[in-house]
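Novice: Chains R and A, in that order, are what the protein sequence lines are.
Its first residue numbered 34, the first sequence is counted upward by one per residue in the working numbering.
Its first residue numbered 32, the second sequence is counted upward by one per residue in the working numbering.
Just so you know, these hints were derived from the structure itself, not from any lab.
None of the values given here were measured: they were computed from a predicted structure.
Certain hints may be false.
Going by beta-carbon spacing under 7 Å, a handful of chain R positions derived as facing chain A [unchecked claim]: (1) S71; (2) G75; (3) F78; (4) G84; (5) F98; (6) F99; (7) R132; (8) T134; (9) F137; (10) G138; (11) P139; (12) G140.
Distance condition first, Cα-Cα at most 30 Å in a straight line; then the derived DSBU-like pairs of lysine-lysine [said to hold, decoys possible]: (13) A:K126 / R:K111; (14) A:K88 / R:K111; (15) A:K88 / A:K126; (16) R:K111 / R:K48; (17) R:K44 / A:K88; (18) R:K44 / A:K112.
Using N, Cα and C, we set each Cβ at its ideal position, and we do this for glycine too.
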Amino acid sequence: GAGVSQTPSNKVTEKGKYVELRCDPISGHTALYWYRQSLGQGPEFLIYFQGTGAADDSGLPNDRFFAVRPEGSVSTLKIQRTERGDSAVYLCASSLGFRETQYFGPGTRLLVL
Amino acid sequence: GQNIDQPTEMTATEGAIVQINCTYQTSGFNGLFWYQQHAGEAPTFLSYNVLDGLEEKGRFSSFLSRSKGYSYLLLKELQMKDSASYLCAVLKDYKLSFGAGTTVTVRA
Chain R
34 GAGVSQTPSN
44 KVTEKGKYVE
54 LRCDPISGHT
64 ALYWYRQSLG
74 QGPEFLIYFQ
84 GTGAADDSGL
94 PNDRFFAVRP
104 EGSVSTLKIQ
114 RTERGDSAVY
124 LCASSLGFRE
134 TQYFGPGTRL
144 LVL
Chain A
32 GQNIDQPTEM
42 TATEGAIVQI
52 NCTYQTSGFN
62 GLFWYQQHAG
72 EAPTFLSYNV
82 LDGLEEKGRF
92 SSFLSRSKGY
102 SYLLLKELQM
112 KDSASYLCAV
122 LKDYKLSFGA
132 GTTVTVRA
């Protein structure tokens, strides 16, 4: 079946702009995660959804970052007033449930100029 | 907090065996995962250990010792396509904490 999909695959924006990154998880997966990966580093946890609610958003760097999953499937990560330091690959993952294997999408490469 | 260490780079010859070590010090533990990541692509799930011992899956095996905070990934009969970054990750509840990854280069 289809894996996790993310759009756009690449996003170039200017400092101060607003961006939205979309994630479509594997069908039937109730858990959804966002991670951020900088060059030469492993992914870092941002936020975890179980169903529609954000069960843990402790990894979000600051209040410019926000994520939603209104119907318990597709999720959108929103970044306001982007800064150059936000440049990274944003990875989405999903799993069948709590403590199950997480499967990753191809990521969105965000570049803030 | 989580502290996960793995070597930065390893090089091996096609057909050989390579062992990638991972040590961890974490405040909680619900399993250890290994992912493969080719440049510019998503991490791909390779293996999962929650109990001590060896899990074998074709050419790839993974070992865990919880008392030592230690795992390794063993890649046998190396192929050129195995050139990639290998990420060790510890699961606590729902959150994966990753090491920085080990870049494996397979030479002909």
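Novice: So, for every hint listed, does it hold in this structure?
Specialist: Outcome of the hint check:
Interface hint at R:S71: violated, since its Cβ lies 10 Å from the closest Cβ of chain A, which is beyond the 7 Å cut-off. Interface hint status for R:G75: upheld, as the beta-carbon distance to the closest one in chain A is roughly 3 Å, under 7 Å. Against a cut-off of 7 Å between C-beta atoms, the interface hint on R:F78 holds, since the closest Cβ of chain A lies about 5 Å away. A distance limit of 7 Å between C-beta atoms decides the matter here; for R:G84 the minimum to chain A is near 13 Å, and the interface restraint is violated.
About 17 Å separates the beta-carbon of R:F98 from the nearest beta-carbon of chain A, more than 7 Å, and the hint is not met. Below 7 Å, beta-carbon pairs count as interface contacts, and R:F99 has none with chain A, the closest being about 19 Å; its hint is therefore violated. For R:R132, the shortest C-beta to C-beta distance to chain A is roughly 5 Å, which falls under 7 Å, so the interface hint holds. Interface hint at R:T134: satisfied, since its Cβ lies 6 Å from the closest Cβ of chain A, which is below the 7 Å cut-off.
The beta carbon of R:F137 comes within 4 Å of a beta carbon in chain A, closer than 7 Å, and the hint placing it at the interface holds. The beta carbon of R:G138 is positioned within 7 Å of a beta carbon in chain A (closest approach about 6 Å), and the interface hint is therefore held. With a least beta-carbon distance of about 5 Å to chain A, the hint placing R:P139 at the interface is held under the 7 Å criterion. For R:G140, the interface hint holds, the least distance from its beta-carbon to any beta-carbon of chain A being 6 Å, beneath 7 Å.
For the hint linking A:K126 to R:K111, the alpha-carbon distance of about 21 Å falls within 30 Å, and the restraint holds. This hinted pair does not check out: A:K88 and R:K111 have alpha carbons roughly 39 Å apart, beyond 30 Å. Among the hinted pairs, A:K88 with A:K126 is consistent with the structure: their alpha-carbon atoms are about 24 Å apart, no more than 30 Å. At most 30 Å may separate the alpha-carbon atoms for a hinted pair to count; R:K111 and R:K48 meet this at roughly 15 Å.
A threshold of 30 Å between alpha carbons decides the hint, and for R:K44 with A:K88 the separation of about 37 Å lies outside it, so the pair is violated. The straight-line distance between the Cα atoms of R:K44 and A:K112 is roughly 28 Å, inside the 30 Å bound, and the hint therefore holds.
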